[in-house]
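Mind assembling these two chains? They're in different frames, but the hints should get you there.
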Amino acid sequence: GENVEQHPSTLSVQEGDSAVIKCTYSDSASNYFPWYKQELGKRPQLIIDIRSNVGEKKDQRIAVTLNKTAKHFSLHITETQPEDSAVYFCAASVGGGNKLTFGTGTQLKVEL
Amino acid sequence: GAVVSQHPSWVICKSGTSVKIECRSLDFQATTMFWYRQFPKQSLMLMATSNEGSKATYEQGVEKDKFLINHASLTLSTLTVTSAHPEDSSFYICSASGTGTTVSDEQFFGPGTRLTVL
Numbered sequence: 001g002e003n004v005e006q007h008p009s010t011l012s013v014q015e016g017d018s019a020v021i022k023c024t025y026s027d028s029a030s031n032y033f034p035w036y037k038q039e040l041g042k043r044p045q046l047i048i049d050i051r052s053n054v055g056e057k058k059d060q061r062i063a064v065t066l067n068k069t070a071k072h073f074s075l076h077i078t079e080t081q082p083e084d085s086a087v088y089f090c091a092a093s094v095g096g097g098n099k100l101t102f103g104t105g106t107q108l109k110v111e112l
Numbered sequence: 001g002a003v004v005s006q007h008p009s010w011v012i013c014k015s016g017t018s019v020k021i022e023c024r025s026l027d028f029q030a031t032t033m034f035w036y037r038q039f040p041k042q043s044l045m046l047m048a049t050s051n052e053g054s055k056a057t058y059e060q061g062v063e064k065d066k067f068l069i070n071h072a073s074l075t076l077s078t079l080t081v082t083s084a085h086p087e088d089s090s091f092y093i094c095s096a097s098g099t100g101t102t103v104s105d106e107q108f109f110g111p112g113t114r115l116t117v118l
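Quick mapping for you: the protein sequence lines, in order, are chains H and W.
This note's numbering puts the first residue of the first sequence at 1, with every later residue one more than the last.
This note's numbering puts the first residue of the second sequence at 1, with every later residue one more than the last.
Possibly wrong hints are sitting among the right ones.
Claimed, not checked - Derived pair list, reagent style EDC-like, types lysine to aspartate or glutamate, alpha-carbon separation capped at 20 Å:
1. K20(W) <-> E87(W)
2. K42(H) <-> E106(W)
3. K41(W) <-> E39(H)
4. K42(H) <-> E22(W)
5. K37(H) <-> E106(W)
6. K42(H) <-> D88(W)
7. K42(H) <-> E83(H)
8. K71(H) <-> D84(H)
9. K41(W) <-> D84(H)
10. K58(H) <-> E106(W)
11. K20(W) <-> E63(W)
No lab work stands behind these hints, which were simulated from the structure alone.
Here chain W stands alone, though its shape is the one from the complex (with noise of 0.2 Å):
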């Protein structure tokens, strides 16, 4: 139980274009999620924790327009990094805590997401 899927596991895309991400709770309920990114040999930076039905709440210095965070349902959050450039280029990680897992507070992370923006 308690598993995090991502969606798609790597992307490839140009310059000034859009790319969504889909992070799903496969058995539970994700009342929170938590998006993260990683650069190369360096540790997770949490981006922004959005809660199901309302607007995420992004950390100091992650823009918002650039990173959009949907929670739509108790089961899916969607990152979508708008206008990417090649510095966007990261290991993006979301990670879901709710009801319906063994320790309710866990957290449960997905597999990540390698974007590379040429």
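Bound-form chain H, shown alone (with noise of 0.2 Å):
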């Protein structure tokens, strides 16, 4: 089945800093890659997802990269806040429709 692996578990950034988020998957036929930030005891919240026949997505503070050959993909945000602080995850799976496997997780802080 697929494995995803996210690094780092922890990033620690001055606030107006970017960050950078990245996960490896091992299944060649994924070819939907969710990122979520989750908040304390909340559910988590899409924020960018990509799908394998696009290279790159941006959406404001926020971007996505897939290498599909590498099979890596990454989340940048832009110009970090506060309010950026949070857990992220990166997910894939083999259509969007379908089972996700999750990233281990990354706690994001932004210091002001």
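Laid out in structure tokens, this is it:
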């Protein structure tokens, strides 16, 4: 089955800096890669996703890149703000409506 | 649109009792629902996938007789934790995908249910 690895497990940045979180996956059939933000005790919230027919996608301060050959994808957050502090999870699935395999999570802390 | 609710939001029960958690899609038809379990400071682990009207598919290591899943309609799935024990204490989250949403293949998550077994 699919295996998703995520790094780093914790990331501390200064407000205004950029943050990058990286994930690798094992199943070459995976073609849908969402990123979720989860605050303590709450549901995961989709912040951006990318499909395998696209190499990069951007939404304001958030971008995701995908390298299918190397089987890795990354989340980039620019101009970080304190409210970006949360746990971020990457995930992969074969088709978006199918089961997701989650990465281990990254605790992002944005310091003033 | 694409709202998923869960009930209850938290529950405390005694060891040996059973607990039922409901997951509802409020404004779309959930052809597929997923149940996840999340222990503190850990990732979401998929427990099972259920399709409306058919038996759930359980992930390896998840006891189907302990975690009973029913997906009887396109808007409701239930997870029953039978004979709960303290090690079953966790955050249980459902998600749903299906027709009638803006992006049909996206999964929409419920708010989660915090289960504490004494």
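Among all the numbered hints in the text so far, which are the ones the structure does not match? 8
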